[in-house]
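Q: Using the sequences and the hints given, assemble the complete structure.
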Amino acid sequence: MAAAVGSTEFIVAELVEKAISMAWKAHKTPEKHFILEKNRKGEPQQVFISFPASGSAKDWYSQKPFGELPIDLELFPSLKRIGHNEPAKLNEAFQARFQAILSKSSLETEVKDAMDKKRQIVFTGHSSGSPMAILATLRTLEKYPTTKSNGWVPPVCVTFGSPLIGNNIFSHATRRENWSNFFIHFVMRYDIVPRILLSPLSSFDQRFEPISQFFNPNHKSKSFMSESVGRSSVSSDFFSVVMSNAAKVTSHAASKLLGTTDSAIETIANFVPLSPYRPFGTYIFCTGNGKHVVVRNPDAVLQLLFFSAQLSTEAEVAQVGYRSLQEHRTKLQLNLGMENFVFLEQDQLENLPLIDDGSKDDISMACNDLGLSPRARLCLRAAAGLEQQRLINEKKLKEKIDSPEVEENLKKVEKYKQVMELKNICYYDAFKNQESSEDFEANVKRLQLAMLWDEIVEKLRGYELPDEFEGRPEWIEHATRFRRLVEPLDVANYYRHERQLEAGTYLGKKSGKESRPSRYRLTQRWFEHAERRKMEEDYSESCFWAEVEDLSHITINNVNGRVSGSFDKDVVNQTQERVAKLVHRIKVWIDNKVVDKDVLLEGSTLMNWWNALPSQYKNGLSIKSPVF
Amino acid sequence: MTQLNEFSSGTELASYVTSSGVLSRSWNTISSSTIPSNKGQRLSWKVHSEEDSDFIIIVFEAKSSQVKTDLVSSLELKKQNKLHFEFLCTRKSPEFQVNKDACHLFYENLQRLDDLKSHITSSTRLIVTGQGLGGSVAILFTLSLLDRTLTGKNRPLCITFGLPLIGDTNLQKAMSRSTTWNSCFLQVVSHKDPLLRPFDPQATHYMPFGTFLFCSDESSTCFENPESILKILKVLASIQGNQGFQSADYGNIVEKLYRKSIYKDVLPRGVDMNGYSTLQASISLQLSALGLTPQVQQQQHNIDIDNLVSTMETLEKKFNYQKRATFDPTKKLNSEKVNMVQLEWFKKDSRNKNIGYYDRYKNMLSTNMFSTSELDVINYRKNLTNYWEKMVEAAELKPQKEGAQFRTRWLFAGTNYRRMVEPLEIANYYYSNEEYKKFGKSYLENRPKHYKQLEEWLKEGIGAAAAASNSTSISTKNVESILNFDSCFWAHVEEALISCKVVKDVKANVLKKEEEKKKLHDFEDYVYGLLKNSEVSSDIFLRDSSYMTWWNEYEKIDGAVSHSKLGRFMSNADNYNVKYVKGTYNFN
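Going line by line, the protein sequences match chains A and B. Each residue of the first sequence is one higher than the last, beginning at 0 in numbering that gives the first Met the number 0. Each residue of the second sequence is one higher than the last, beginning at 0 in numbering that gives the first Met the number 0.
In short, the hints are calculated from the structure, not lab data. The model shown is predicted, which means the values in this text are computed figures rather than measured ones. The reader is advised that the hints may include incorrect statements.
In silico DSSO-like links for lysine-lysine, alpha-carbon gap of 30 Å or less [said to hold, decoys possible]:
#, chain 1, residue 1, chain 2, residue 2
1, B, 263, A, 330
2, B, 397, A, 414
3, A, 395, B, 336
4, B, 317, A, 395
5, A, 255, B, 331
6, A, 394, B, 352
7, B, 67, A, 255
8, B, 259, A, 57
9, B, 500, A, 255
10, B, 263, A, 458
11, B, 255, A, 394
12, B, 316, A, 394
13, A, 255, B, 317
14, A, 458, B, 336
15, B, 336, A, 399
16, B, 331, A, 395
17, A, 399, B, 316
18, B, 352, A, 422
19, B, 331, A, 399
20, B, 322, A, 395
21, A, 255, B, 397
22, B, 330, A, 410
23, A, 414, B, 331
24, A, 397, B, 322
25, B, 347, A, 255
26, B, 259, A, 410
27, A, 394, B, 331
28, B, 347, A, 422
29, B, 437, A, 397
30, B, 336, A, 394
31, A, 414, B, 500
32, B, 352, A, 411
33, A, 63, B, 255
34, B, 330, A, 394
35, B, 500, B, 437
A: Quick look at the structure:
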């Protein structure tokens with residue numbers, strides 16, 4: 000059985016029912032980090048791990064206004080934008096609690112045991128137990144990447160009434176890794192909890208104390224999930240406050256979905272702190288009359304979180320305020336059977352009817368069940384439209400990169416490299432000298448190829464490509480071929496024009512601007528991420544020439560410096576280290592065939608530097624020209 | 000990012016504004032009687048900072064609630080030495096008109112307002128607000144703050160209630176030049192506001208700018224396109240004109256809209272969106288938020304809603320199109336680089352053929368003989384010139400501070416372009432230009448504007464850094480590969496060649512000859528200065544170059560050159576072929 004939710008296959012009912020009972024059961028022992036049960040009947044056999052809720056709503060905020068911080072990339076290396084190396088943001092309180100669970104409990108051993116036995120782990124939780132289930136799932140996905148050969152079964156995460164936990168990059172990264180389908184979030188239409196973190200901590204003043212404690216299993220007043228709390232009159236105020244804040248965040252996001260050109264929105268945002276939290280994974284909205292609406296587009300989910308709880312009349316507020324707490328505490332009644340599930344996938348969202356025209360089809364009924372106004376439907380269409388546009392953008396780029404012109408340009412540069420090698424010149428040096436018409440031709444090809452890659456990088460920067468883009472093998476492959484072949488020419492061009500005198504070294508940072516073009520910086524990170532390698536901090540196989548140029552500048556200066564008596568010992572030590580590292584890495588690269596031996600041709604910048612390098616720097620190392 | 004289906008975002012933007020709380024904070028400060036007020040001439044203002052916020056609110060109140068529509072020209076203000084808004088003008092658009100009353104109020108209280116402004120630093124986060132004429136002054140005050148570099152966080156936000164009449168189309172155009180300027184203005188207008196009256200029925204000279212939040216009793220919506228705003232103002236004014244203008248209680252409206260943000264709008268009867276595009280549907284929602292529905296149409300026969308929807312649709316489409324079509328130099332940068340590389344190669348290839356690229360191009364033009372690759376050079380030159388003409392124009396249209404940043408960014412590429420391409424322009428001028436053949440004026444008198452401007456960029460204060468780095472790198476620059484620093488060098492050579500002709504012409508007038516001799520002396524000094532600073536490429540010494548031709552002519556005319564500095568330098572080929580290149584010639 001595939002655990003992933005798809006429009007044709009669906010999670011097994013027993014799994015969800017078991018998860019429901021486990022999720023609520025965990026609350027009874029809030030002192031335990033988690034509870035675990037095995038299900039030997041499943042195929043594969045399953046292990047259920049459930050986490051209790053913890054603390055009051057106020058404890059979910061580590062600080063004002065929203066308590067988020069960059070995620071710990073040691074624990075979750077994939078949760079970032081790869082190219083820009085920008086970590087996702089995560090709720091600090093949830094991350095801290097998860098780290099405590101990892102260090103104080105047997106969770107990791109239990110997970111290892113289950114994975115070793117090829118069991119499927121179902122992480123689950125209700126209320127503030129859910130974030131722990133989510134993080135445990137992510138940690139497991141990071142640690143046990145499933146391949147055809149290892150036989151590991153990916154875990155699933157089923158949450159009920161989960162608060163939001165991460166920002167848009169959190170969602171972006173999980174989609175890129177194709178993990179969204181492993182996360183299933185059940186949300187009752189009016190449940191307040193999934194909306195709470197859209198409000199700043201300052202919204203929760205003293206009058207909301209009882210409601211805040213409603214979420215706290217450890218509280219002595221026994222108000223945890225108590226029905227009586229919901230009956231108090233503050234519950235409608237609480238609902239209004241949370242919804243006003245949700246309106247703020249969702250209308251801000253919707254303006255962007257609808258393609259606003261009005262920059263006043265940014266000026267106003269300077270005065271109005273906006274919650275960074277965004278939904279991710281697969282959401283299943285339970286309408287309250289037995290239907291379950293499945294939505295995966297994160298922009299659409301955010302809009303639904305607001306619009307599905309929007310009120311029709313002022314009279315509704317007291318009743319809905321009560322309901323918003325009741326729906327959170329009550330155990331979910333799942334209506335099994337495919338006929339009760341409505342999928343709002345890309346297609347359905349794009350063609351959503353704008354008004355209720357009395358149609359009785361599933362989609363129209365689902366929209367009515369969720370109480371969606373024409374305004375809400377326009378926003379959902381726009382969310383789908385944006386996703387469609389991203390796919391179109393990618394397709395257009397794909398056509399360009401697969402075009403004969405681009406292939407020919409790459410071939411020509413490859414040919415250039417070969418021709419130069421036959422002349423016993425490394426193409427780096429030939430290009431740097433720019434003596435022949437071939438060099439000039441190569442320069443034109445370099446710029447033509449750069450045009451396309453700069454366009455890709457620019458689109459990526461503005462989130463104008465699908466979330467999956469940076470993880471797609473075909474793009475990584477294209478990028479790596481381009482980078483390894485062409486970047487040496489960019490480095491050569493840089494030093495040919497002596498740009499380092501004004502703009503600093505190619506790899507260095509001067510006044511916050513890196514000289515290395517982002518078409519190489521970003522694509523190198525794609526490659527490293529795909530290969531599950533640590534990111535190179537300094538230089539890679541495609542730009543080590545810059546290190547050669549810089550080292551040669553330093554060593555020449557130091558030789559001259561010694562003559563004038565200002566010999567700098569620290570520089571020598573550092574330089575020795577850099578030399579040793581470079582020599583070692585070039586060897587490895589050549590052995591792995593990612594760098595060709597032409598770099599070692601006699602007379603190359605590398606060999607000239609090496610041959611002139613005073614022995615004090617060489618430390619007994621050697622580089623030899625190859626014999627062809 | 001723009002998508003296939005167009006929408007209008009006004010409803011969502013309005014929801015964001017009304018739920019954000021900025022309106023109630025501003026209004027509460029306006030209506031507060033406990034915050035002390037500073038009294039000025041016919042104007043008072045309050046400065047308030049709330050406990051739980053890190054920003055300041057300034058409120059302006061005008062004694063008079065009457066709004067007159069008279070305008071005053073910025074040229075008039077300039078005459079009176081009132082220069083606070085002069086920065087809004089550009090060379091292309093030197094004048095705009097602004098509401099006279101508001102302007103008077105601003106200048107009557109100038110000293111104290113300047114004092115107030117002096118307390119506002121670049122880190123102050125500021126909301127400026129007011130109602131009616133007070134709002135107009137709030138806008139002027141905020142405008143006067145824009146004359147400094149605004150980064151993302153320190154933009155002031157100006158929120159006005161009621162309809163402040165501020166300026167004409169030229170002011171609106173000036174505002175739209177900067178993306179940040181327009182974003183600072185939010186104008187809240189009730190559909191019943193009596194201040195709408197001037198828009199009914201005659202057209203006025205006023206043109207709105209900034210974002211407008213229109214509100215009815217039940218709902219609200221935003222517009223950004225000035226044309227759309229004007230249209231809505233006129234429609235609302237005509238309806239109110241029929242019903243008699245009422246007053247608008249903004250305190251109540253703001254409060255109500257905040258509460259309403261979590262409720263659904265009731266879709267009025269008769270609104271049928273079947274068959275509507277997403278843009279039409281969102282416009283129709285916007286109109287119904289203002290009570291402009293088929294129901295109103297039944298009561299007011301001068302309004303046709305369907306018609307209004309399609310008018311608005313056209314306006315929005317046009318506006319969006321224009322916003323997207325603005326020239327973005329970065330997009331074309333790489334293809335511009337390809338053209339530069341082609342010319343670089345042309346230069347190199349010429350040198351390999353022992354001729355400077357200027358002279359090769361000049362010979363092509365004067366003999367009218369081109370190889371195909373040489374014909375391409377003409378196209379590269381044209382492409383580059385088109386690109387940079389547009390670029391310079393875009394920079395000149397930008398407001399002063401933004402323009403300066405823009406120029407700094409493009410300085411390196413612009414200078415490179417000028418030095419590479421202007422010589423070709425000069426060759427073109429002297430050897431294939433009909434106008435030159437007719438009038439014989441020097442290139443320097445007819446030099447294309449964008450080259451002049453590019454050179455000014457370099458000379459500007461911002462060029463200081465670049466100039467400094469230029470001078471330090473001279474010693475390391477190779478005079479064989481550099482471009483002449485003075486991109487007009489060859490025009491000076493051409494003029495010197497003409498002078499030689501005049502001097503040698505037996506029929507020429509003696510006075511004229513003396514004048515030309517003087518010019519030649521100046522040119523000699525000029526060349527020597529360039530050589531001394533290694534600012535000229537050694538290409539000029541190639542055998543048949545225009546420079547060498549000039550020198551040979553010049554040498555014959557005046558025996559005195561053997562005593563001149565340049566004469567000494569030119570007397571030995573070793574000086575320019577070897578020593579100049581190596582940097583070993585002693586110029587002193």
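Q: Give a verdict on every hint.
A: Tested hints:
The hinted pair formed by residue 263(B) and residue 330(A) meets the criterion: a straight-line CA distance of about 29 Å does not exceed 30 Å. Using a Cα cut-off of 30 Å, the hinted pair residue 397(B) and residue 414(A) is violated, with the two alpha carbons roughly 46 Å apart. For a cut-off of 30 Å, the pair hint linking residue 395(A) to residue 336(B) stands: about 24 Å separates their Cα positions. Between residue 317(B) and residue 395(A) the alpha-carbon distance is near 25 Å, which keeps this suggested pair within the 30 Å criterion.
Proposed proximity of residue 255(A) and residue 331(B) is supported: the alpha carbons are some 26 Å apart, at most 30 Å. Among the hinted pairs, residue 394(A) with residue 352(B) is inconsistent with the structure: their alpha-carbon atoms are about 47 Å apart, more than 30 Å. At most 30 Å may separate the alpha-carbon atoms for a hinted pair to count; residue 67(B) and residue 255(A) exceed this at roughly 38 Å. At most 30 Å may separate the alpha-carbon atoms for a hinted pair to count; residue 259(B) and residue 57(A) meet this at roughly 27 Å.
Restraint check for residue 500(B) and residue 255(A): not satisfied, since their Cα atoms lie roughly 68 Å apart, outside the 30 Å limit. Taking the CA atoms of residue 263(B) and residue 458(A), the gap is near 36 Å; set against the 30 Å cutoff, the hint is violated. A C-alpha spacing of about 47 Å is found between residue 255(B) and residue 394(A), which places the hinted pair above 30 Å, so the restraint is violated. Between residue 316(B) and residue 394(A), the direct Cα distance comes to roughly 26 Å. Compliance with the 30 Å bound is thereby established for this hinted pair.
For the suggested pair residue 255(A) and residue 317(B), the alpha carbons sit about 19 Å apart, so the restraint of at most 30 Å is met. Proposed proximity of residue 458(A) and residue 336(B) is supported: the alpha carbons are some 21 Å apart, at most 30 Å. For the proposed pair residue 336(B) and residue 399(A), the alpha carbon gap of about 20 Å is at most 30 Å, so the pair holds. Taking the CA atoms of residue 331(B) and residue 395(A), the gap is near 18 Å; set against the 30 Å cutoff, the hint holds.
Between residue 399(A) and residue 316(B) the alpha-carbon distance is near 29 Å, which keeps this suggested pair within the 30 Å criterion. At roughly 23 Å between alpha-carbon atoms, residue 352(B) and residue 422(A) fall within 30 Å of each other, so this suggested pair holds. For the hint linking residue 331(B) to residue 399(A), the alpha-carbon distance of about 17 Å falls within 30 Å, and the restraint holds. For the given pair, residue 322(B) sits about 23 Å from residue 395(A) by alpha-carbon distance, which is consistent with the 30 Å threshold.
A C-alpha spacing of about 26 Å is found between residue 255(A) and residue 397(B), which places the hinted pair at or below 30 Å, so the restraint holds. Among the hinted pairs, residue 330(B) with residue 410(A) is consistent with the structure: their alpha-carbon atoms are about 25 Å apart, no more than 30 Å. Annotation: proposed proximity of residue 414(A) to residue 331(B) holds, straight-line Cα distance about 28 Å (limit 30 Å). A threshold of 30 Å between alpha carbons decides the hint, and for residue 397(A) with residue 322(B) the separation of about 27 Å falls inside it, so the pair holds.
Distance restraint check for residue 347(B) and residue 255(A): the Cα-Cα separation of roughly 50 Å exceeds the 30 Å cut-off, and the hinted pair is therefore not satisfied. Annotation: proposed proximity of residue 259(B) to residue 410(A) is violated, straight-line Cα distance about 63 Å (limit 30 Å). A C-alpha spacing of about 22 Å is found between residue 394(A) and residue 331(B), which places the hinted pair at or below 30 Å, so the restraint holds. Between residue 347(B) and residue 422(A) the CA atoms are separated by roughly 21 Å; this keeps the pair inside 30 Å, and the hint holds.
Annotation: proposed proximity of residue 437(B) to residue 397(A) is violated, straight-line Cα distance about 55 Å (limit 30 Å). A hinted pair counts as satisfied when its Cα atoms are at most 30 Å apart, and residue 336(B) with residue 394(A) qualifies at roughly 27 Å. Among the hinted pairs, residue 414(A) with residue 500(B) is inconsistent with the structure: their alpha-carbon atoms are about 53 Å apart, more than 30 Å. In summary, the hint linking residue 352(B) to residue 411(A) is supported, as the alpha carbons are separated by about 26 Å, within the 30 Å threshold.
With a CA separation close to 28 Å, the supplied pair residue 63(A) and residue 255(B) stays within the 30 Å bound. Taken as a hint, the residue 330(B) and residue 394(A) pair is honoured in the structure, with Cα atoms around 20 Å apart against an allowance of 30 Å. Among the hinted pairs, residue 500(B) with residue 437(B) is consistent with the structure: their alpha-carbon atoms are about 18 Å apart, no more than 30 Å.
Going through the hint list in order, the structure does not satisfy hints 2, 6, 7, 9, 10, 11, 25, 26, 29 and 31.
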